[in-house]
Amino acid sequence: MAAEKGSGKLLLVSDWEQLLQDFRTSHDLQHKWLTSWPGLTIIDQALQSITKKESPLKPQLLNFLEENAELLVGSDTVAGVSMLVESLRNILPAPVDGSLITHTLKEQMMVMVTTVAITVDAIHNATPQLEMLTEILLVFISRTNYAADRHVRATACECLRELELAHPCLLHVCVAHVFALCQSERTHAGQSYKILLTVILHNMACHMYTIKSRSSGAQPFLSITIPLVPFSVPPFLAASSPRQESLSVPAKELTAGSLKEFKRAVAYLLQRSELLTEFGMLEFVARFINIARALNLHGSLLKPQFSSLVHTFSPVLCHVVLLIYSQFMDAFEGDEDVILKRLFYLCRETHQPLPVRLLGVHWLLGVENLQKDKHSVIAPLASGLYPLVFDPLSLKAAKLVALAHCAASLASSSSSSSSSPLVSKSPPLTPNPQPKLKPKTSSSPGNRRVGLYKVLAIGDSPVDPASRILDEGLLCVSAFTWLPSSSTETYTTFHALHKFLTAAIPHQNQSSALEVAAFTDSSLFKTIQLILVKMALKLRYLVPQILALLDRLMECNTHQSLGEHLLRTFNEDLLPELEPNCNLPAYFPLIERLAENVDIPPVGLLGLLTIYVRKRVEEHKGDGGLKLWLRGSQVLGICRTVLMHHKSSRIFQSLSNLLSLMCLFFPDLEVRDTARLYLRMLISVPGNRIQEMLSYGDERVEEVNAPQYTNVSSLLHSPSAAGSQPRQPLLLVGAYIRLTRENSLLVRHSWSLVLYNTFQTGVDGGYKDVGLVGQFSKIVVEEVSEHPKEEIKLLKYGTDQEKGGSSTKGVIVIDNPSSSFEDREGPHSEPVRRVMDARTSEILGILRQHFEEIPDFRNGLGVKINIRCQLRFMGETLQRMRAEADGTSDSEDLVDVYSGNLEAWPAIYAVVISFTSTGLYGQIPSVHVPFLLSEAPERKLQALRVEAAKDDKDIFSETVIIELEPRQPVPTLVDAKIIFSDEDGTSVSGQLDSIPVGIEDLFLRAPVPVDVLPHNYSDYYFTLFDALFEAYQSEGGGLGPWGLEETTKGGLGSFLVLIFLPPRYHLLLKMEVSDWSTLVRIRTDHWPCLAHVDEFLEALIMSR
Amino acid sequence: MAVVRGCSIRALWILNHNSHVVFSRRFPTVERQWQQLCENQLEAGIKHQAIPFDAEVAQAFMDRKHSEELEQGRGIREALSQEGSDSWVDDIITRQVTSLQFSPKGMMLWPVLEHVRGSFYILVLPLVEPHHLAAYHELCCRSDCGGAATNHSLSSLLLDLPCITGALAVAQVLGDVVSGEVVEPEMLTVAAPSMGGLLDSIAGGMGMGISGIAARAKPVAVPVAAAANAVAAAAATATSAITGSGGKVTLKSADKEALRNFISGAMPFGTPLDLNPINLAAVRSTGFSSLDVPPTELKQPAWKPYLYRGKQRMVFTVLEEVTAALYDRDDVEDSISLAGQLLCRADMEGLPEISLQLHCPSSSHFDAITFHPCAQAPEQGVDKQTISFSPPLGNFVLARYTALPTSMQPPLQGFYQLSMISEDEGAFLIRMRLMVGYKAPLVMEQCALSIPFPQRRIVAVEGTPSVGTLSTTEHSMEWKIIVSGRGLASKSTEVTFPGTVKFARKLTPQGNGDAFKDEESDIESNLQNSEYFDVKPGNGGTGLQAAEWEEPLCWEAYSYAKASIKLVGGTMSGISLDPKMVAVYPAVKVPCEFSAQVVSGEYIFWNSLGRYPHAVLPTM
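Those protein sequence lines, which keep their order, are chains A and B. For the first sequence, the positions run 1 to 1104 when the UniProt record's numbering is used. For the second sequence, the positions run 1 to 620 when the UniProt record's numbering is used.
These are computed hints drawn from the structure, not numbers from a lab. Do not take every clue at face value.
Result set (DSS-like, lysine-lysine): computed pairs, CA atoms no more than 30 Å apart in a straight line [what the hints assert, rightly or not]:
#, chain 1, residue 1, chain 2, residue 2
1, A, K538, A, K615
2, A, K9, A, K52
3, B, K65, B, K47
4, A, K538, A, K627
5, A, K32, A, K9
6, A, K454, B, K562
7, A, K252, A, K263
8, B, K311, B, K580
9, B, K299, A, K263
10, A, K9, A, K53
11, A, K615, A, K627
12, B, K562, A, K9
13, B, K480, B, K439
14, A, K303, A, K260
15, A, K212, A, K9
16, A, K52, B, K256
17, B, K105, A, K32
18, A, K454, A, K303
19, B, K384, B, K439
20, B, K506, B, K562
21, A, K32, B, K256
22, B, K589, A, K32
23, A, K53, B, K439
24, A, K303, B, K311
25, A, K53, B, K562
26, A, K615, A, K647
27, B, K384, A, K538
28, A, K32, B, K252
29, B, K311, B, K589
30, A, K303, B, K299
31, B, K252, A, K52
32, B, K589, B, K562
33, A, K260, B, K311
All values reported here derive from a predicted model rather than from experimental measurement.
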């Protein structure tokens, strides 16, 4: 199309469509248009399309101008607004032709121009144009009762109202005219006149006549004194700042005279309000309430006029009444019942849309909240809120929430007053005062009432009003008792239960212990307890839901104590009811929660689990046990929780019973292993240390599954990982600080656990670091993997005898899974053989001399062994782990930190490594390393190696020597805990990989008396060997002949090997070597070591 | 003290089933008020931000849908609920009164009224005060356990904010306009074919601005379903939206035009004034002429823009809907309730005041009679209710009520029994008595029973009903007891239908060895073993879907027969009015008709041998 008026091309319909769409899409697209088309040009073209042409886009363009006026007008407010006002002025008087000019167009233009004028702040930026617009509108509305354009006049009133709303008191000088017009208009447009008048009066009352005055000066603002036009913007508004207009309205005195004028207007406004539409009424009443409050009018002014609206079926009108009620409650005193009952019925009316019925429930609760005196107005009518069978589930849920509130307030009031009647005393609503239902309860006694109790087969229904509401209210969703637990009914039930539990103790206040105590004493709470217990008992698939409810309470500051109460209830009422059968696992999550709770003694649950495990083990005798793996792991998970949260002294007996049972008899190997581990922790880690472990929380336990244990058993995965919550990723110290042996052990595929638990604080054990209080049996748990076991008797020697004399130790030797615990009471202190002959006495002499040489660890002089280890710090790994833990979003940072620190050569300082072992290795001195440099990163490693090679010393690792003083010659793991300061100076602590100690570490030379000269050593050893060999002969371990193709010394013949096993044992090997096999006789005074020796020899062969 | 506000809309959006915004409207002057409020109430801590673009709103809406779907579409707090979301508030109304969150901007729009109609989502955002928004925001972010103990403040918010109620009404009307279902309630009338809506009296059915109105067939004979809909029209909107009436999927430009026209007429500046789309359409299309003279003495109500001119007459119709849960058990009481409405059409010249007396027998325990806003109910007497009103144009609902017809037995009584005699075969017996105790002129025009088996496929039904015809579909049996045409007079009749129903073999995915199946719960004491399917408690194992929140129960889990009934010639409640007693002021003689009809809503016979839902009846 040809260009017009020099403003570039005309926008075609397709252009407009694109433009309209783009303006709704993004700022970028808007600006794209505005750069090629000045905003005013767009307005101009739009106006032309709207007023001059048959355009299919008219309504869109009008809306477009309204919504984007600010953007289009930009800084040219005067030009823009005058363009618009001008075109409105042209259109309004134009005759309606039905096609181009219609009443609708006039209305829409008016609305559009007014909207633009308001949004671009014409009052400040284009005051004359705004005045012109106002004048146009005022003149237009002054033609009251004119037939044809009545609706246009109504719209003009709306425009004026909008201007007055945006610029308070803009029209206050016109109020007399508007008042007159309002009285005069008789068509349906009257509503708009009336609301316009209301808004003007509203602004005058709220913003202008704000100074209370006793003077009687008259301000007859309702009398017409000046002509309607010309209109000018009041100077105070012109001087105001945008959107702060109301602040600049000058305050005037509300004299008796002006109050009288207001009252006159108000009286007029209140007339014939039934002529308004619903929304007209809402707008009118909302404004009117503000006027009434500003003028201190009494609410009784509104009440008679509007309170009957509550009986309409329009929700909007009901809300209008509620609005008046909530503002002027005094005026409704004594009549609240009418409103309340209307709301009760509203929730029940099936013709109302569901959201309206939901709103009805909320309004009831809202009205309840308005009651200042804490006196519940809805609780007495609670039974009116019982959900109907065909109420939608969401409505049921909402009603149950309201019922919960009723129950809570009844429960709290019943503690003060003896009884409160459930059924309303107040007369029912129109029109029939009779009771509405067949008197069902009158014929049947209370215990035959239907409710949740009956469905759950609990017994007699509760009688107190609050519990009754719960019992009867929840019946409507009782299908949860047989529907899948994902059913909406189940959700609704638990939603409601939570409300019944919490409604009495609001979040707002800091709930006092007193409040909680009052509620937990109430019969409502007891009812809920009973329901939950029965629910758990009968509907075990609901346990997760019950747990979720519990957790939700526990996580809430206000209601935590309720959760604790419930937990105790479960412990006291549910646990004893549970059968230890195959259904028990359904309750494991609940039991886990009980186990976590420090205040609940876990004896009950451990007992239950013990019976459960015993039963399952018996049932599955001979079974592969695979099926039981899960159950075993779950039970262990609970054990772990108990271990973590409870004082070991309290749980020792029951937990050790359970764990021993499991590590002995459980069909699944992994479960047995883990049980053994836990048992070891229980037995060996002293109480205060368990507390310490507690403070490290789960980190410590996570590490049970961490690398250092994997060399123990690859099967040992987290037994309860499935059940436990996903945890924050922790940076395991063990992953970037490595403590490794210099010489690796031959035997690494298995290990044995020997626990000599001598908890006696005492004299002879010397295990003073084991600080557990109390006397416990000595437990020996011995397993010598797959090797044949034989009954081996312990040989006792003098030293043992001394020991045995000091205390009685029950030794439990468990060596046969089919037998249960076997207590071998007694000291095993057979009398030492009497010396009979010279040979014997010679032997005895040798032995006595020898044993005197052996230092006594009880004097702190025990034989020590050293394990050399290397400590390395891998800075690179640490950084990678940190970056990963921070999340992927920081991948850029990762590179920075990473490369940055490459140069920085991270180091750790003031490293202290402390060691712990099972107690069989005494106190292990800790090791201090002042400074340790990180290992070189991969990239630089090559170059650095060359450098490092120069001084032949690995600068990146530190040799650490672990000094052990064995109390028993058994392999073990030494746990290492590290504390150090990192680069940032923060103290880091954690667990390192444990250091395995093998049997070969314990192979020492026997001590030689000082008077034996070195060249006589072999003689001495030979004599000693003989003596020992002889002494051990009677009960010598009859291990089968072992084929050894070679011995270390090579050649044929007999070899004798004497190994001293600290602290005071011996291992004697007599090898008779022949061509293809070697017969090895082994004798020892410490039979448990044989298993390890087996393994060692086997590994020796394998390694060849 | 806070300023009391009416209802103003900041913006509204209509999204289609793909969550694309197909229509949107913003109201700049209301937005300016919001900005002003934000600036004046700095203490509320709400910063004014412009309303986001359509695409952003669509995205926020989808995000919300997505996160609520994660929570299984629920409005209550669950394990997956996130702090800051609606479901954190833990109130079921947050399904309708929602918030939209714009995470990058840290902006929240609340309250956004969400109304589903057909395949459209209608979102309406009314203006509240910043402190209201702040209060809701706090509710969303509380660290406590939520629910009743905090909900009170949501209740108080909802009580303080009539704009939410208003916006809900706006959303519902927009739904009507969008779906083209702008209709007046249909009248029951014997003859007069001209008995249409308001537009018929004003415009004579000429082409209207709203396509839905123009397309509407004139109501002459009212089908029972339509009548039932009329009764439950409002209630149905919620559910029909879910089931989807297969209506429109896209908005054509004519529809948008209709929407724009409606909005510019009903709420030119975002403040609704009159939401009657029929009135508005009439004003827009017909306008006013010099013939439309304003009344000389009286003022014309805002809801009646036109005064009727022509032949005068009055028609009243009572439509009653009976809802019944029938158990056939000694220990469970049947529950029967009526929801009725009195429809009126008064073609009267001028602005007359009509008063009439409704006869409401107290034996039917009427409660909650509510009225059209134009009506006053000055007097209540025993068995009587006086109503006076100045009628609007066209058909309108004058009054609504609910009642419990204790003196009247339900029109269809009896039992339905189904017992599974094998895995795939059930024996059933239905015995019904019709119209016991009903007298002329009440006539049963329609009576059918439908027995759904949503979880099983019917292979064959053996057995013949004593009367009527049987038809089966894949998942249900339909027994037409009264074949159309012949109405059943008031004498009572007994009908029976014994038979067996065979189902296709069930493909049961066997349980995956869960730990809980080895011992059945002992809760079943009150339930029989004759379910036609087995509902095993616990997760999975059955194909039962959780019921929608808008449904009253998990229908599929029960075995039942649903009746559909239509009675003409009277009401069950006994409500009636004497046409001769209708008074008009200024006095004028006008012919007056009265008719009545009863239809069934949920009229359910629960399998006497199966599970049944129950509830304690409210007493008030």
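Hint by hint, here is what the structure shows:
A threshold of 30 Å between alpha carbons decides the hint, and for A:K538 with A:K615 the separation of about 22 Å falls inside it, so the pair holds. Between A:K9 and A:K52 the CA atoms are separated by roughly 17 Å; this keeps the pair inside 30 Å, and the hint holds. For the suggested pair B:K65 and B:K47, the alpha carbons sit about 26 Å apart, so the restraint of at most 30 Å is met. A hinted pair counts as satisfied when its Cα atoms are at most 30 Å apart, and A:K538 with A:K627 qualifies at roughly 25 Å.
This hinted pair checks out: A:K32 and A:K9 have alpha carbons roughly 16 Å apart, not beyond 30 Å. Only pairs whose Cα atoms come within 30 Å are accepted, and A:K454 paired with B:K562 is accepted, the gap being roughly 27 Å. Distance hint between A:K252 and A:K263 is fulfilled; the C-alpha atoms sit about 17 Å from each other, no more than 30 Å. A C-alpha spacing of about 19 Å is found between B:K311 and B:K580, which places the hinted pair at or below 30 Å, so the restraint holds.
For the given pair, B:K299 sits about 22 Å from A:K263 by alpha-carbon distance, which is consistent with the 30 Å threshold. Restraint check for A:K9 and A:K53: satisfied, since their Cα atoms lie roughly 17 Å apart, inside the 30 Å limit. Between A:K615 and A:K627 the CA atoms are separated by roughly 14 Å; this keeps the pair inside 30 Å, and the hint holds. Under the criterion of a C-alpha separation no larger than 30 Å, the hint pairing B:K562 with A:K9 is inconsistent with the structure, at around 67 Å.
Between B:K480 and B:K439 the alpha-carbon distance is near 22 Å, which keeps this suggested pair within the 30 Å criterion. This hinted pair checks out: A:K303 and A:K260 have alpha carbons roughly 21 Å apart, not beyond 30 Å. For the proposed pair A:K212 and A:K9, the alpha carbon gap of about 61 Å is over 30 Å, so the pair is violated. Under the criterion of a C-alpha separation no larger than 30 Å, the hint pairing A:K52 with B:K256 is consistent with the structure, at around 22 Å.
With a C-alpha separation of about 23 Å, the suggested pair B:K105 and A:K32 falls inside the 30 Å cut-off, and the hint holds. As the CA atoms of A:K454 and A:K303 are separated by approximately 47 Å, the hinted pair breaks the 30 Å bound. Among the hinted pairs, B:K384 with B:K439 is consistent with the structure: their alpha-carbon atoms are about 22 Å apart, no more than 30 Å. At most 30 Å may separate the alpha-carbon atoms for a hinted pair to count; B:K506 and B:K562 meet this at roughly 24 Å.
The suggested pairing of A:K32 with B:K256 holds, with an alpha-carbon distance near 27 Å, which does not exceed 30 Å. Our distance criterion of 30 Å between C-alpha atoms is broken by B:K589 and A:K32, whose separation comes to about 69 Å. Only pairs whose Cα atoms come within 30 Å are accepted, and A:K53 paired with B:K439 is rejected, the gap being roughly 67 Å. Restraint check: the Cα-Cα separation between A:K303 and B:K311 comes to about 39 Å, which exceeds 30 Å; the hinted pair is violated.
Of the pairs offered as hints, the one joining A:K53 and B:K562 is violated, with about 59 Å between alpha carbons and a cut-off of 30 Å exceeded. In summary, the hint linking A:K615 to A:K647 is supported, as the alpha carbons are separated by about 28 Å, within the 30 Å threshold. Only pairs whose Cα atoms come within 30 Å are accepted, and B:K384 paired with A:K538 is rejected, the gap being roughly 52 Å. Our distance criterion of 30 Å between C-alpha atoms is met by A:K32 and B:K252, whose separation comes to about 28 Å.
Proposed proximity of B:K311 and B:K589 is supported: the alpha carbons are some 11 Å apart, at most 30 Å. As the CA atoms of A:K303 and B:K299 are separated by approximately 23 Å, the hinted pair is consistent with the 30 Å bound. A hinted pair counts as satisfied when its Cα atoms are at most 30 Å apart, and B:K252 with A:K52 qualifies at roughly 25 Å. Restraint check: the Cα-Cα separation between B:K589 and B:K562 comes to about 45 Å, which exceeds 30 Å; the hinted pair is violated.
The straight-line distance between the Cα atoms of A:K260 and B:K311 is roughly 48 Å, outside the 30 Å bound, and the hint therefore fails.
Hint compliance for this structure: hints 12, 15, 18, 22, 23, 24, 25, 27, 32 and 33 are broken, all remaining hints hold.
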